[in-house]
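Position chain B relative to chain A; hints supplied.
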Amino acid sequence: AQSVTQPDARVTVSEGASLQLRCKYSYSGTPYLFWYVQYPRQGLQLLLKYYSGDPVVQGVNGFEAEFSKSNSSFHLRKASVHWSDSAVYFCVLGSSSSFSKLVFGQGTSLSVVP
Amino acid sequence: GPKVLQIPSHQIIDMGQMVTLNCDPVSNHLYFYWYKQILGQQMEFLVNFYNGKVMEKSKLFKDQFSVERPDGSYFTLKIQPTALEDSAVYFCASSFGGANTGQLYFGEGSKLTVL
Numbered sequence: 001a002q003s004v005t006q007p008d009a010r011v012t013v014s015e016g017a018s019l020q021l022r023c024k025y026s027y028s029g030t031p032y033l034f035w036y037v038q039y040p041r042q043g044l045q046l047l048l049k050y051y052s053g054d055p056v057v058q059g060v061n062g063f064e065a066e067f068s069k070s071n072s073s074f075h076l077r078k079a080s081v082h083w084s085d086s087a088v089y090f091c092v093l094g095s096s097s098s099f100s101k102l103v104f105g106q107g108t109s110l111s112v113v114p
Numbered sequence: 001g002p003k004v005l006q007i008p009s010h011q012i013i014d015m016g017q018m019v020t021l022n023c024d025p026v027s028n029h030l031y032f033y034w035y036k037q038i039l040g041q042q043m044e045f046l047v048n049f050y051n052g053k054v055m056e057k058s059k060l061f062k063d064q065f066s067v068e069r070p071d072g073s074y075f076t077l078k079i080q081p082t083a084l085e086d087s088a089v090y091f092c093a094s095s096f097g098g099a100n101t102g103q104l105y106f107g108e109g110s111k112l113t114v115l
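Chains A and B, in that order, are what the protein sequence lines are.
Residues 1 to 114 in my numbering are what the first sequence lists, from first letter to last.
Residues 1 to 115 in my numbering are what the second sequence lists, from first letter to last.
Isolated chain A, as found in the complex (with noise of 0.2 Å):
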């Protein structure tokens, strides 16, 4: 079965500070792995995703992740977050046998304080 974990419901941080939100995944075969993210009052929109290669992958707005196989893991980082960052992020598993299902985490809601 295929899961998706995020520990953090909620997080606050500093504007300007670094960011990390966790994402732990969990299937058998070769995952495609996402973050999304929701503001205020929006549809969700994509940040970024991983198929293969570099496991490092760079999103929008200065968002980037690191895929670890070993650690079944996919945490989404920022250097220094903006007020604007302020939303829900959402870390989404796909994979190779299904063709049209998501599965997501249960979201983290970012609070970015001044």
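In case anyone wonders, no lab produced these hints; they're calculated from the structure.
Just so it is clear, the structure is predicted and the values come from calculations on it, not from any experiment.
Incorrect hints may appear among the rest.
Unchecked claim - With the Cβ distance kept under 8 Å, some of the chain A side facing chain B (calculated, not the full set):
1) Y32
2) L46
3) K69
4) N71
5) G94
6) S95
7) S98
8) L102
9) G105
Unchecked claim - To list a few chain A residues with every Cβ distance to chain B over 10 Å, as calculated:
10) G16
11) Y27
12) S52
13) H82
14) V103
We put the beta carbon where it would ideally sit given N, CA and C, even for glycine.
Chain B in isolation, oriented as in the chain A frame:
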């Protein structure tokens, strides 16, 4: 950027009634999805629709659920009859390629409350 619109944003109905949730996907997209999120829980896949047919559905996609996209208009999710456990936020999404390409565009969700 491209937007997926969902109508209504919120609907309250009595158990046993029918409800139709409407989705206006991105214009050149070929794949359409519904996801369900119960309050405080993870978003879960319901169904994928392509070329006029259901491609894949989950166990959550009960017999009371149906989807269609008549004549390239709205992509709809119909629940008939509704049950209390159908209360959730339903997210529509669309993509040009399959979901494992990752590039899905989501709407803001339709919150359904069944009394």
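Are all beta-carbon distances from G16 (chain A) to chain B longer than 10 Å? Check passes; 27 Å lies beyond 10 Å.
Once the closest CB in chain B is found, is it more than 10 Å from S52 (chain A)? 12 Å, holds
Whether V103 (chain A) stays farther than 10 Å from all C-beta atoms of chain B, as the label says: Nearest chain B Cβ is 7 Å from V103 (chain A), so the label is violated.
Taking the least C-beta to C-beta distance, is L102 (chain A) closer than 8 Å to chain B? 5 Å, holds
Using the nearest Cβ pair, does K69 (chain A) come within less than 8 Å of chain B? 18 Å, violated
Agreement of hint S95 (chain A) with chain B interface, Cβ distance less than 8 Å: 7 Å, holds
Have a go at the G94 (chain A) hint: is there a Cβ in chain B nearer than 8 Å to its own Cβ? Interface hint status for G94 (chain A): holds (4 Å vs cutoff 8 Å).
May I ask you to test the interface hint for Y32 (chain A) with respect to chain B, counting a Cβ-Cβ separation under 8 Å as satisfied? Constraint on Y32 (chain A) satisfied, holds at 5 Å.
Over 10 Å to the closest beta carbon of chain B is the bar; see if Y27 (chain A) clears it. Holds, since 12 Å exceeds 10 Å.
Hint check: 8 Å Cβ-Cβ cutoff, S98 (chain A) to chain B: Since the shortest Cβ distance to chain B is 7 Å, the answer is holds.
A cut-off of 10 Å on Cβ-Cβ distance, and H82 (chain A) was said to be off the interface with chain B. Does that hold? 19 Å, holds
Interface hint for G105 (chain A), Cβ within 8 Å of any Cβ on chain B: Nearest chain B Cβ about 7 Å off; hint holds.
The structure does not agree with the numbered hints 3, 4 and 14 stated previously, though it agrees with the rest.
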